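**Student:** Here the structure of chain U is known, so what remains is to put chain A in place on it, guided by the hints.
In the order they appear, the protein sequences are chains U and A.
Using UniProt numbering, the first residue of the first sequence is number 1, and each one after it goes up by one.
Using UniProt numbering, the first residue of the second sequence is number 1, and each one after it goes up by one.
Hints in this document: simulated from the structure, not taken from any laboratory.
You may find that some hints are simply not true.
Just so you know, same-sequence chains aren't split out, so a pair can sit in one copy or run between any two.
With a Cα cut of at most 30 Å, we get these calculated DSS-like pairs of lysine-lysine [stated by the list, open to error]:
#: 1; residue 1: LYS69; residue 2: LYS24
#: 2; residue 1: LYS24; residue 2: LYS127
#: 3; residue 1: LYS53; residue 2: LYS69
Keep in mind that this is a model prediction, so the values were computed, not measured.
Next come the chains, spelled out residue by residue.
There are 2 protein chains.
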Amino acid sequence: MALDSPATTTPTPLPEPPKTPPQKYGMLLFPAFELLDVFGPLETLQRLTSYHKVDLILLSETLDTVTTKPGSSNMNAHNSTGFPGIVPTHTLDNAPEMDVLFVPGGLGTRSPNMNRTIDFIAETYPKVKYLITICTGSRLAAQSGVLDGKRATTNKASWNSTVALGPKVDWQPRARWTVDGNVWTSSGISAGVDATFAFLDWAYGEETATTIANLMEYERHTDPDWDPFADTFEVPGR
Amino acid sequence: MALDSPATTTPTPLPEPPKTPPQKYGMLLFPAFELLDVFGPLETLQRLTSYHKVDLILLSETLDTVTTKPGSSNMNAHNSTGFPGIVPTHTLDNAPEMDVLFVPGGLGTRSPNMNRTIDFIAETYPKVKYLITICTGSRLAAQSGVLDGKRATTNKASWNSTVALGPKVDWQPRARWTVDGNVWTSSGISAGVDATFAFLDWAYGEETATTIANLMEYERHTDPDWDPFADTFEVPGR
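The following block holds chain U by itself, in its conformation from the complex (with noise of 0.2 Å):
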């Protein structure tokens, strides 16, 4: 099992940058999809708006306005309110063609009403040019089969619950993100900003990159290796 010897697995280089860098990003919404997992990512892209041309694919199953609201009471327990919604571009039946699909993550991934969002990204991985996950969206991604014999990493406080369904994926217990081949997955929540950055700087240059993060005034990690919450949750084969 994977788990036994990943401190020990050789990284996979990073392949050539594309020579057409990406345009079409599609980005997969869900109820309860976590916030920062979804607009880190879209804010880097927004200010690659400057420099590119990017066009946007927010996907939904409905075009229905998608609620990051706990899909049950005991998810909040002091009753909050007023969790954001945000509006759909497009359905999961009428997406375009995409060159990436980001794949979020949050507590919507554990719905039992997720298996249209899942075989979605089966349909989808082998027309798309890359696909990035954040924090748990692994955990839709490994049912779906596409990370299967893949390096990939995930949130760590939620670790053992999310590598259990993919038991075929190569699991990096300490990475900030990985990249196999077209495919790049995050750690938890704020990694997915420095796997979106690592991978703008890698498809459109570090020049590129360095520019967005600094209007962002952002703070990049770069060492895909920087982890240190794999230490904090006491992920095992750290």
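**Tutor:** Okay, now just chain A, sitting in the frame of chain U:
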């Protein structure tokens, strides 16, 4: 003028934390707000719901979906598409009572149509316990007059044009965030997350803030004077 000698200003000490921590948080929305200015702080507040009741109020002039699409085509030079739309919960005219008002920034702060929003800040500041500005949200707060005589900071990449709008503000050219009485201001975009964490640390305790940061896999900047971007953007008086 405050700009001549801000580096020698003695920082004001943090006020005493509140006996009853805040519950009702308002976030101002307007067309072409900056995504991460809004959703960085909201991510931390959603995580706070695990420990405290949080009522989030998303405020805009109308209940129409608020888009982050730039208001003019020359701010979208490559004709990018698919800017996210967010659904407000209340209008400025029916805003409920709030403990904290967040004012985000973004291209929209430069719109000529911000008078109602600026007036709202002036009307609302005396009624809230705390005001927190993110990035160029300080442009709106400065124009409303509520920053006059107070220490404040702002986005370092658009420093000159912002401080010109608040000649009576004690602008701090090197600060990740500032606190002056019940007014908290932050530097650009990502700095809003650190300022929000500093606020949560102060209002709810360090353990809560650290737990949330770990679950977000976020490495906080905890020094309000950490500000390499003051040099990057050659802010006068830094």
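**Student:** Hints numbered earlier in the text: which of these fail when held up against the supplied structure?
**Tutor:** none
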